[in-house]
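Respectively, the protein sequence lines represent chains S and G.
Just so you know, we're using numbering that gives the first Met the number 0 here: the first sequence kicks off at 0 and counts up by one.
Just so you know, we're using numbering that gives the first Met the number 0 here: the second sequence kicks off at 0 and counts up by one.
It cannot be assumed that every hint is accurate.
So these bits of chain G aren't anywhere near chain S, every CB distance computed over 10 Å [what the hints assert, rightly or not]:
#, residue
1, 64
2, 150
3, 176
4, 273
5, 277
6, 338
7, 341
8, 350
Cβ-to-Cβ under 10 Å is the rule here; a few derived chain S residues that face chain G [said to hold, decoys possible]:
#, residue
9, 0
10, 3
11, 228
Everything labelled a hint here was simulated from the structure, so no lab data went into it.
Given the structure is predicted, the values throughout are model-derived calculations rather than measurements.
Glycine included, every Cβ here is placed at the ideal spot set by N, Cα and C.
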Amino acid sequence: MRFVDEFRDADKAKALLAEIGTVAAKAADRMGRPANIMEVCGGHTHSIFRYGIGDLLPKSIELVHGPGCPVCVLPMGRVDDCVAIAEQPGVIFATFGDAMRVPGSKKSLLQAKAEGSDIRMVYSPLDALALARANPDREVVFFGLGFETTMPSTAMTVLQAAADGTKNFSLICNHITIIPTMKAILDDPGLQLDGFLGPGHVTMVIGLEPYEFIGATYNKPVVIAGFEPLDVLQSVWMVMQQLSQGRAVIENQYGRIVPKGGNPVARDAITRVFELRDFFEWRGLGSIEHSGVKMRAAYAQFDAERRFSVPDVKVADPEACQCGDVLKGIIKPRQCRVFGTACTPETPLGALMVSSEGACAAYYQYGPRAGDEPEKANAA
Amino acid sequence: MSLSGDKSAPTTRRKRDAIHLQRVTLAHGGGGKAMRDLVDDVFVSVFDNPDLAPLEDQARFALSALATHGDRLAFTSDSFVVDPLEFPGGDIGKLAICGTVNDLAVGGAKPLYLSCSVIIEEGTELALLRRVAASMARTAAEAGVKVVTGDTKVVTRGACDKLFINTAGIGVIRTGLDLGCHRAEPGDLVIVNGLLGDHGAAILGARGDLALSSPIESDCAPLNGLIDGLIAACPETKFLRDATRGGVATVVNEIAEASQVGIELIDDATPIREEVRGFCEILGLDPLYLANEGRIVAVVPAAAGERALAALKSHRYGQGAVVIGQVTRGPPGRVTMQTRFGGKRVVDMLIGEQLPRIC
Numbered sequence: 000m001r002f003v004d005e006f007r008d009a010d011k012a013k014a015l016l017a018e019i020g021t022v023a024a025k026a027a028d029r030m031g032r033p034a035n036i037m038e039v040c041g042g043h044t045h046s047i048f049r050y051g052i053g054d055l056l057p058k059s060i061e062l063v064h065g066p067g068c069p070v071c072v073l074p075m076g077r078v079d080d081c082v083a084i085a086e087q088p089g090v091i092f093a094t095f096g097d098a099m100r101v102p103g104s105k106k107s108l109l110q111a112k113a114e115g116s117d118i119r120m121v122y123s124p125l126d127a128l129a130l131a132r133a134n135p136d137r138e139v140v141f142f143g144l145g146f147e148t149t150m151p152s153t154a155m156t157v158l159q160a161a162a163d164g165t166k167n168f169s170l171i172c173n174h175i176t177i178i179p180t181m182k183a184i185l186d187d188p189g190l191q192l193d194g195f196l197g198p199g200h201v202t203m204v205i206g207l208e209p210y211e212f213i214g215a216t217y218n219k220p221v222v223i224a225g226f227e228p229l230d231v232l233q234s235v236w237m238v239m240q241q242l243s244q245g246r247a248v249i250e251n252q253y254g255r256i257v258p259k260g261g262n263p264v265a266r267d268a269i270t271r272v273f274e275l276r277d278f279f280e281w282r283g284l285g286s287i288e289h290s291g292v293k294m295r296a297a298y299a300q301f302d303a304e305r306r307f308s309v310p311d312v313k314v315a316d317p318e319a320c321q322c323g324d325v326l327k328g329i330i331k332p333r334q335c336r337v338f339g340t341a342c343t344p345e346t347p348l349g350a351l352m353v354s355s356e357g358a359c360a361a362y363y364q365y366g367p368r369a370g371d372e373p374e375k376a377n378a379a
Numbered sequence: 000m001s002l003s004g005d006k007s008a009p010t011t012r013r014k015r016d017a018i019h020l021q022r023v024t025l026a027h028g029g030g031g032k033a034m035r036d037l038v039d040d041v042f043v044s045v046f047d048n049p050d051l052a053p054l055e056d057q058a059r060f061a062l063s064a065l066a067t068h069g070d071r072l073a074f075t076s077d078s079f080v081v082d083p084l085e086f087p088g089g090d091i092g093k094l095a096i097c098g099t100v101n102d103l104a105v106g107g108a109k110p111l112y113l114s115c116s117v118i119i120e121e122g123t124e125l126a127l128l129r130r131v132a133a134s135m136a137r138t139a140a141e142a143g144v145k146v147v148t149g150d151t152k153v154v155t156r157g158a159c160d161k162l163f164i165n166t167a168g169i170g171v172i173r174t175g176l177d178l179g180c181h182r183a184e185p186g187d188l189v190i191v192n193g194l195l196g197d198h199g200a201a202i203l204g205a206r207g208d209l210a211l212s213s214p215i216e217s218d219c220a221p222l223n224g225l226i227d228g229l230i231a232a233c234p235e236t237k238f239l240r241d242a243t244r245g246g247v248a249t250v251v252n253e254i255a256e257a258s259q260v261g262i263e264l265i266d267d268a269t270p271i272r273e274e275v276r277g278f279c280e281i282l283g284l285d286p287l288y289l290a291n292e293g294r295i296v297a298v299v300p301a302a303a304g305e306r307a308l309a310a311l312k313s314h315r316y317g318q319g320a321v322v323i324g325q326v327t328r329g330p331p332g333r334v335t336m337q338t339r340f341g342g343k344r345v346v347d348m349l350i351g352e353q354l355p356r357i358c
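Could you put the whole structure together from the sequences, leaning on the hints where they help?
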């Protein structure tokens, strides 16, 4: 497949791995311990497991799976709000597929659907708007979620609905922003991270500038990374290169998609429709300042939170769950006390077991298990 | 409806009145003349054969005739609820015949007789029913099986989605043949008979969720002829299963678990159509878990590999046959894949349905 297979070339991977081995040795000399690199985005986590990249890397590099799976970090209270709206008579609730399984405190959307709520899977917010036009006597509510990657398409949909006067369409906004969350992770006293693979598609919208403080203030390198396996390897090499040289700046590996300045048109759509919330609750990480957006008053008529009464109750994460520690790189998924026992993809307790992009779910599905060979062979 | 398969049954036929309505009404499920006309006009007319006499409530078989094919009966049942009912490469009728024929054939049985029970939603178009019935008859003829009994129900609008079909089937297992999920041993080869995931992709494409420029055709096909050829050439074949729901990944996991062996798949060797790969990339799906309706997974001893492949390739439904992996001593029950990229990953059972990813 053109433009895909080129980025999965095994020979190029071998060459890159050899280079990574050399640089990692230099970095290890300098640091005196293995380097912990967090891939921020769930898409990276998925790719790393799907291609077995973790096992190919030298022992002196540990990949830590970050919070960038918007489905995983949805708190139970927000899912409860969605279920409450979906259960109201006359509502068609439209959602992305993988949000269906996220557990609320009582049920997931999948369970609500089984109990009779009209919940439809869509591929784009525009599909939800089309549903609203096709069903003028019904209220269509779209479950808006995701980082800056999906925010522009939701914003454009709201702008379109406003332009053509669609009255029966609204949005329950659960969009979140990545930078405050990276800052919260960096501020954690237990932090054990040395560098980041930054989120490619978020940065395509926000540009490189918002990451500059991470090098300047926290002295950690960030490399904006693509999602194909060679992208990931090259980005790891770039982070290790910085670590071996004692540099800490923002670099862009994903130049074929990510312009330095991001996408101003997309940002403009976001700013027109959304404004920052004071706080937003993250599953596993708790409440983080300015980490979510809500709809501006000018678009109140499209705001499902204002149109419908929702419980809006905070629900604490299960106590046994150690998602927060996994997200901050303090423990590995398998070191969590409920991993694979009380918490499995079938009955997820914690955020990271929910979506296929969550670190624990990826670990569970693709990762080594008890009884396998040692977790990592030194490929360098 | 009962369509007796007993040759000694009287061959009298009842008078058929063709139906001129456009759509099925509740009257067609009422048990009266309207129902009889529907059954006769739509189903009996196309399944018609010299053995068939629609007079009794059951089909009847002479045991002696069955015993000429082998020494054990195989009996299976499957229900079909696909949306949309017609899709590139097939329809619910073709699926309903192939599904049951294949379920019998992978057990080493010669499929002989099928039942056909339909649940029809009020308002369903007669023309659609006729197309589906004709497709069933065509597929049954290709597979060499007879539809000998059945049932028709009509339910109110909303109680089912246009048309559900159940087929059950009887076949006879060849004497001496013992295919089993538990028989895989380290060194055995895992073979498939062609491109994987076409059916699943065809259905998702036909639902219109994605505007695809070139529709992908379902692989739906009756595989009993293909399997006859394989078993004739390679009687030491250990296990066969059709890789339907859950795809090839699910079948190999079942083998690994039942036989308490490891299985290593080779990414490069799994045959997947470019369009299907692209489709899966876009939706974030794994083609190994996509449904197939004309694909089998075979486990054969390594020494018989070439013979098995040659036998499969000589049949029209096996031209893409290829070895996709090997049974290993690895951790029991574990399926791994050697990735194209040089890494290794676990290929697990799917938890629920595959859901498209958000980003």
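Hint-by-hint comparison with the structure:
The beta carbon of residue 64/G is kept farther than 10 Å from every beta carbon of chain S, the shortest such distance being approximately 47 Å. Non-interface call for residue 150/G relative to chain S: holds, since the shortest CB-CB distance, roughly 28 Å, exceeds 10 Å. Every CB of chain S lies more than 10 Å from the CB of residue 176/G, the least distance being 35 Å, so the non-interface label holds. Not every beta carbon of chain S lies more than 10 Å from that of residue 273/G, the smallest distance being close to 6 Å; the non-interface claim is violated.
A beta-carbon of chain S comes within 10 Å of the beta-carbon of residue 277/G; the shortest separation is about 6 Å. With a least CB separation of 5 Å from chain S, residue 338/G falls inside the 10 Å interface cut-off, contrary to its annotation. Separation of residue 341/G from chain S is inadequate, the least Cβ-Cβ distance of about 5 Å not exceeding the 10 Å criterion. Listed as outside the interface, residue 350/G is inconsistent with that label: its C-beta sits roughly 4 Å from the nearest C-beta of chain S, within the 10 Å cut-off.
Look at residue 0/S: its Cβ gets to within about 6 Å of chain G, closer than 10 Å, so that hint holds up. The restraint placing residue 3/S at the interface with chain G holds, with a minimum CB-CB distance near 6 Å, inside the 10 Å limit. About 5 Å separates the beta-carbon of residue 228/S from the nearest beta-carbon of chain G, less than 10 Å, and the hint is met.
The structure is inconsistent with the numbered hints 4, 5, 6, 7 and 8, although it conforms to all the rest.
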